[in-house]
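Protein chains: 2
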Amino acid sequence: MRSNLFVILFALFALQGCATQPLRGTGDLGVVVERDSGKLQIVDTTARTILGEISGLGDLSHATVVFSRDQRYAYVFGRDGGLTKVDILRRRIVKRVLQSGNSIGGAISQDGRLIAAANYTPGGVKFFRSDTLAQVADIPAIGADGKRSKVVGLVSAPGDRFVFSLYNAGEIWTADMKAPAHPVIHKFTGVGKEPYDGIITPDGRYYLAGLFGEDGMALLDLWHLPNGVKRILNGYGKGSRRLPVYKMPHLEGWGFYKHYAFVPAVGHHEVLVIDTDTWRQAGVIPTYGQPVFVVGQPYSRHIWVDFAFPDNGAIQVIDAPTRRVIRTLKPGKGVLFLEFTPRGENVWVSARDSNKLVVYDTATFRRVTELPSHKPSGIFFTPRAYKLGW
Amino acid sequence: MRSNLFVILFALFALQGCATQPLRGTGDLGVVVERDSGKLQIVDTTARTILGEISGLGDLSHATVVFSRDQRYAYVFGRDGGLTKVDILRRRIVKRVLQSGNSIGGAISQDGRLIAAANYTPGGVKFFRSDTLAQVADIPAIGADGKRSKVVGLVSAPGDRFVFSLYNAGEIWTADMKAPAHPVIHKFTGVGKEPYDGIITPDGRYYLAGLFGEDGMALLDLWHLPNGVKRILNGYGKGSRRLPVYKMPHLEGWGFYKHYAFVPAVGHHEVLVIDTDTWRQAGVIPTYGQPVFVVGQPYSRHIWVDFAFPDNGAIQVIDAPTRRVIRTLKPGKGVLFLEFTPRGENVWVSARDSNKLVVYDTATFRRVTELPSHKPSGIFFTPRAYKLGW
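Protein chains in written order, with the numbering used here: chain Z, 1 to 390; chain E, 391 to 780.
Because the hints were derived from the structure by calculation, they are not lab data. Each residue gets a CB set at the ideal place from its N, CA and C atoms; glycine is no exception.
One side only, chain E facing chain Z, incomplete, derived with CB under 7 Å:
#1 L413
#2 G417
#3 D418
#4 T436
#5 Q461
#6 R462
#7 L479
#8 P548
#9 G549
#10 G594
#11 Y689
#12 E735
#13 A775
#14 Y776
Simulated coverage check for chain Z against chain E, where a stretch passes if three residues somewhere in it have a Cβ under 8 Å from a Cβ of chain E:
#15 342-351
#16 377-385
Same shape as in the complex, but just chain Z:
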């Protein structure tokens, strides 16, 4: 009887640490957003398989994900204002808070301790402890016009800072969150009409916001805040030959070759080339459709592009030095997202309307495998934990 009890206690002790999941590394894991069903698929990029699914994440129609610095936890920002902490290893929700009425995205601080959520309703940024999701700060986005604004383009920046844009007010703010109870905020007003997305350069120096209400982009040098925000690239945007914009391009992925950055042109069938030394347009590359994501393949001269409706059945590969499209691929219907493995040997593509994920070998452009997925949108691999901005 005593030995029986001992065995039971031992079993419980053993289980405590590992539930029914075996030990495994987290470096080759990722999550795929199944937008219509409020689920996440957990994927393995080594075996190229789906390990499991997590449900109950609410409205994921425009969801984004960041990772804890140990890569065990995914933080999911949903359209319904839900912020959900997911344990990728145990494949279950650890905590879920409805932190606003409508959220557009989020980021994790450089030190990994703070989660920031950018909200439309009510407009502002809320900050949470990454371990407990307890709220530690709230910055309402009240512009110089006295009105509350939607917040977009939220990124993490060096020194536990965050940078974000006020869509309605046309402002860019930086928030130093070293002491979360006492945020140090810098506000830059009149940066341009309707900033719709923002990115930080790979060196952590510049914050760039695309403008939807007018041409051009707004540039903030984080090394020299007193210099303020500059307007650049007046040729960037919808311009005079504007087409209807079915999907806002995303800026987060951009590709680089030397000091040239490759970004989507809003409302045109073009990728723009920007000289990041002068921040002037240095070229334009005609593409199959209106680019949504323009993403550099790691350790490569290739840049991959997907497109907005009605051209969202194709992706194209641009050779950066020659600025030519070298390949057009047709992964399926409703292509929404592409994510590279960190060393760039594979790219995973979500084809929403074909209900599948397609994995390509980037060296040969051949399909390595296809995996079933219900209306997949974003694909997020754990290496994002190391990238500032997210």
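Using the hints, position chain E against chain Z.
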């Protein structure tokens, strides 16, 4: 009785996956080489603690480490020719092979399936399956002179290629290992006297070898192999004012600012600035001693430098845009290595002769903590799994 059996089986099943170790992410782990005792410490960069130790790794007097793409396993290359696969989560050796008489380093293929070991004795490169450590290929390094040469500067490159240098023969070879049974080798002879280390640029394009036997470096453009190896930087090296070289500098870490690379000058108290557009020397920065590692802080304008004996009690921080030393720190005696956390908020420094690791906050240059370590040398964090070259 049956329930008793059931409980025992259940306990065994539960244990199978997790031993006595709890589930945890592997994104914030690392290993520290304790060179004199043949041990590895396992460290946690979030809690900044030592989680445990693994012994029995042989002669670690010039050891290096690469990681599996899932970040669970470390492959340790020892001076005694030992290649050891370590399970970081279970903290134990999975497999150990004595694959040569004397090994200088190694790398893992872009797809994570092959481990390559660069050997002095007998000179050459051996390749192993990363899962089983079964040998799958052997490339003896027989130079154009018909003699077997030590191999140095082995890096992984895009397309499951490896690049390495023949120290005695003065050659650079590339090996395409897509089909390990049939390596495709390109040999470049007469590249210069005694190449002693090699690196690949962050875009995966150029392989650079430092020369010990003469001034200058050898540059191979992997995008244009038929162009051959070019000699660059004739001012790089020991030059006429040469000092005794107590420790060979390492090239692997270099810092970047825009298109400028910062590398150690051999035998001088200087860091060289190289213009990577022209591959010409663009400046020189006087330093405290002869630099060994020159490493760029992620998402920052700062570059950190450690030094050879007798100046190995200090590290210096260079501000890259202004090219000035802005800080001199004294972590302890016998500083050998520095490793940044992936988002750059901390740097870990090994002080061998003070038997400790020192962790700095890079924003304030303050010591965050110190951890005991017996004669520590290399510090390797799991984010290296994603970096091509290693």
